[in-house]
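In the working numbering, the protein residues as written are 41 to 143.
Read the hints as simulated data drawn from the structure, not as lab findings.
Treat the hints with care, since some could be wrong.
DSBU-like cross-link-like pairs, simulated, lysine-lysine; straight-line CA separation at most 30 Å [stated by the list, open to error]: (1) 55 with 85; (2) 65 with 141; (3) 85 with 65; (4) 130 with 90; (5) 122 with 58.
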Amino acid sequence: MQSTFATNVYHIASKIPKGKVATYKQLATLAGKPKAARAVGMLMKHNPDKTIVPCHRVVGSNGKLTGYTFGNGIQAKKLLLKEEGVDFTKNNVNLTTSLWKTN
DNA sequence: ATTATGACCCGAT
DNA sequence: AATCGGGCCATAA
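Turn these sequences into a full structure, and let the hints guide you.
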């Protein structure tokens with residue numbers, strides 16, 4: 041069992057729809073800690089299960105791909121998102137069109 | 001229990 | 001536009 045924050049973050053991350061991406065800042069904010077973007081990234085790295093936590097759908101607030109410890113790292117992440125229909129701009133995600141909007 | 005680190009973000013230069 | 005530094009959080013060792 042994990043802390044409430046971690047549980048919240050994982051739960052939220054698991055809700056990210058296919059073809060969309062969320063920023064660490066966004067997850068942190070939704071989890072209740074707008075300043076914990078960093079911690080969110082760490083949680084993603086130590087994510088309990090990739091099947092329920094699509095950490096590849098989480099990018100930097102500027103749409104920049106960061107981290108990813110599986111496969112070829114950033115490369116694999118980029119390809120995955122692209123396959124899911126996320127609009128890409130070079131090595132960055134087009135947040136204007138593919139940012140996950142909660143509501 | 002304490003220290004150090006990291007898949008971050010923002011403002012300033 | 002690019003680079004530098006500082007700040008905040010939770011987790012791992």
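Consistency of the hints with the structure:
no.: 1; hint: 55 with 85; verdict: 18 Å, holds
no.: 2; hint: 65 with 141; verdict: 13 Å, holds
no.: 3; hint: 85 with 65; verdict: 15 Å, holds
no.: 4; hint: 130 with 90; verdict: 25 Å, holds
no.: 5; hint: 122 with 58; verdict: 11 Å, holds
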